[in-house]
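2 protein chains.
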Amino acid sequence: MGKNLTSRAEDYSKWYNELVVKADLAENSGVRGCMVIKPYGFSIWEMMQKELDRMFKETGHQNAYFPLFIPKSYFSKEASHVDGFAKECAVVTHYRLKTAEDGSIVVDEKAKLEEELIVRPTSETIIWDTYRKWIQSYRDLPILINQWANVVRWEMRTRLFLRTAEFLWQEGHTAHATEQEAIAEAQQMMHVYADFAEHFMAVPVLKGTKSANERFAGALETYCIEAMMQDGKALQAGTSHFLGQNFAKAFDVKFSDKDGSLNHVWATSWGVSTRLMGALIMTHSDDNGLVLPPKLAPDQVVIVPIYRTDQQYADTVAKGQEIVQLLRQKGIRVKLDARDTHKPGWKFNEYELKGVPIRIALGPKDLENNTIEVARRDTLSKELISQAEAVDYIVTLLDTIQENLFQKAMEMRVSLTHEAEDYEQFKRLLEEKGGFVWAHWDGTTETEERIKAETKATIRCIPLDGPVTPGKCILTGKNSSRKVLFARAY
Amino acid sequence: MGKNLTSRAEDYSKWYNELVVKADLAENSGVRGCMVIKPYGFSIWEMMQKELDRMFKETGHQNAYFPLFIPKSYFSKEASHVDGFAKECAVVTHYRLKTAEDGSIVVDEKAKLEEELIVRPTSETIIWDTYRKWIQSYRDLPILINQWANVVRWEMRTRLFLRTAEFLWQEGHTAHATEQEAIAEAQQMMHVYADFAEHFMAVPVLKGTKSANERFAGALETYCIEAMMQDGKALQAGTSHFLGQNFAKAFDVKFSDKDGSLNHVWATSWGVSTRLMGALIMTHSDDNGLVLPPKLAPDQVVIVPIYRTDQQYADTVAKGQEIVQLLRQKGIRVKLDARDTHKPGWKFNEYELKGVPIRIALGPKDLENNTIEVARRDTLSKELISQAEAVDYIVTLLDTIQENLFQKAMEMRVSLTHEAEDYEQFKRLLEEKGGFVWAHWDGTTETEERIKAETKATIRCIPLDGPVTPGKCILTGKNSSRKVLFARAY
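Each protein sequence line maps, in turn, to chains A and B. Basically our numbering = 1-based index in the first sequence + 997. Basically our numbering = 1-based index in the second sequence + 997.
Pulled out of the complex, with its shape left as it was, chain A reads as follows (with noise of 0.2 angstroms):
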């Protein structure tokens, strides 16, 4: 098996599918717009899982789980939200097939739904349905609670992990007392998910709100993170809404509060999905395949033995077994591929293709000089090392790569970075470079919008820090307060 994959600066869409397919991550299923997760990109996604469950829980969080269909009543409750969502849902109507005259597998008529059951593409209003009947005093709150779910939103134009009509997400559901503890969670789980995409994804974000046409369907205020890609677009790897009292009056939830005074109940809701998977893989990756930060990587280090005869295998396997048990004690993931079925060539190429951070590399020569070689998938580089340092300097190596791929991507995005002092250098900014652009807007949908529709830009988020000069709107030239954060985006 070859790589044989397109070149980022060839055709980039084309590269990020290839390589999607080639590195066993995922692929299109037979069902329009579903993907199917394949094991080694489900490993990752399982390690983002571990790591973003563990942050929900030490802030206070517990998992639940609530139904996947919402009848259509429900839905429509809350206004706002039915007009942002139901034109991409998926309609349960019957609950029976038969055998036709034919012999053909047909829907029973008979078995028709009363009412239409919708498949939730979020859980917003299944679950306000329920805290009505679990809130009645301030003593019920709050209500921290995440779940882990499958969520469908009828998407026409689908892409692997970035949008797929079925895709795979957290949704945290909290319920509070006040508007300030619903303000502060909101925020904290921007800080949360920030925290993530850095410290784990190795993926640098930029931390802000979102303007009121671009926020949830339902909220009162979106925070959002926002990442760059390679290719100069932008990419939303989490939201978090705070909902004020929309779905508590939608709902009629409400709490009786110290004073004895009866009060709408105050919300928020935050997720991230698989697409995490896009921006980890389109952040790292190159023309390579696959390039994993070593927190997020199911195999940090591999080991590849080198040999002709077979004591030579039997020695360089003896070698490299010992070291994976010296690895494995100081917590770090490592395999062994032993497999005497592919040559240690076609091996490299693997888990190059696959991202694995560390490679070593143990030959005859090596076991002869006390060595080892190690390679690393971030720079591509080689070095020997002596066996006795070996543990310590994987240790500390994998924090290297980890901090490494953060610099990179940081100065990636730097470089991807610019402002505009009017429309025409705007234009030719996204034209010519792409990435984020700074520039003054008037504050109205009307003119976030024409600039969509002349310039495919959006804007990406008004940055909790940035600068904060006034300024005039690089299309209409009224007053702005601020520059905002404009950009293509996936």
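Among the clues, some could well be false.
Copies of the same chain are indistinguishable here, so a pair counts whether it falls within one copy or spans any two.
Keeping only pairs whose Cα atoms sit at most 20 angstroms apart, straight-line, the calculated DMTMM-like set for lysine to aspartate or glutamate is [to be verified]:
#	residue 1	residue 2
1	K1095	E1111
2	K1430	D1228
3	K1084	E1112
4	K1054	E1043
5	K1130	D1021
6	K1074	D1105
7	K1107	D1080
8	K1074	D1099
I should point out that these hints are in silico values taken from the structure, not numbers from a laboratory. Treat the numbers as computed from the prediction; the structure is a model and nothing was measured.
Fit chain B to the known structure of chain A by using the hints.
Quick look at chain B alone, frame taken from chain A:
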């Protein structure tokens, strides 16, 4: 909050339903037949998942994810499979809602799918459609994959955890080059399930095969583990299927063998579900509430401080924290409930209801005497232990409780297992004692169905172990090679 549970003797079924809701395990949702798994219930399910997932990985399996939706045509390819599942499936027919002229939300008839999609009741068909692309040669085999997923079976009569329209499960799907290897895999997973049931759930199970009539739709052999509940009804706790080449033939999955011949692939599938929660609850719990085996208890130990004065509060909580630290160092999941808003009596009640295996009470007298009061949930007995011995005592006691629950459940099963020599005795045993009844059967589906119609008892399994003396069928008097295990079942 009082427990006020209906007693098991009064109404076992009502007791179960009340317990599930009051112990915060699950509740019915607004969607017919679908449950909400509440945080406490879900945390037990997470404990189960974690151990099962480890056992699957230790036996060489990897996780992956396949689509929720199955095109109707896939579903129809394996004839007996569609017969088994067509009557109980949710069918997606449309992919959009719209706002009608009167402002209501309705299905957009223009958005009708060309081919209906079935919400997976099980994933053999979509997975074997995928395996066709993955398997060319014997080198691609075996494929050992598991997925954790939600599935939907449109049950008309539902019961929390035991039978719900949507439930959570894992489904393993493996592909093999030989019949022998596939059978060995199916048997291995039955043993893994039995191991989990007995050593983690403390639920004794009988291993065996299903009669042809009770087999999975599409299987050549179904291996199962069967448990006995306190009310004398059996519960199928897990199944593992040898699927022969049925799905490989239906989906045209062939591989070239070492000798160059082209053969259909051999298959297994195996699953356990949130139904295990029902088995866990009904095996051990009592009229005071849930009883959890320590290995699956989210909190294994809870410490409740007893105090009147602020000083006593400070002192007992401080000592409690000390004990928490010591127990955590031993890997014990322990919680100190220092809430000043609830009285000790309320807390005792609460943790009894929730089945926490060990409760430690710690009052001013204990501080004086260097003691703690240790209460066991399984026996409801209490003992004063010196603080110096506390940690070792608790470590040992958790094992003792785990073992005791298994022994009690085993005794319960033994007392609920009988042998019938003729049909009258068979019916009398079922009516008067319930439980498992060993009886001779002539091996035909006709006899099995008549017995079921007349007694509501089904063949639970043809056990791997057990008496193999020949005799005469209790119904027909025809030859029987051995007794099989009958019971009324959940």
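Going down the list of hints, with the structure as the test:
no., hint, result
1, K1095 to E1111, "both (19 angstroms within a copy, 18 angstroms between copies)"
2, K1430 to D1228, "within (9 angstroms within a copy, 72 angstroms between copies)"
3, K1084 to E1112, "both (18 angstroms within a copy, 19 angstroms between copies)"
4, K1054 to E1043, "both (16 angstroms within a copy, 13 angstroms between copies)"
5, K1130 to D1021, "between (44 angstroms within a copy, 13 angstroms between copies)"
6, K1074 to D1105, "between (30 angstroms within a copy, 18 angstroms between copies)"
7, K1107 to D1080, "between (31 angstroms within a copy, 18 angstroms between copies)"
8, K1074 to D1099, "between (43 angstroms within a copy, 15 angstroms between copies)"
Against the hints set out earlier in the document, no violation occurs for any number.
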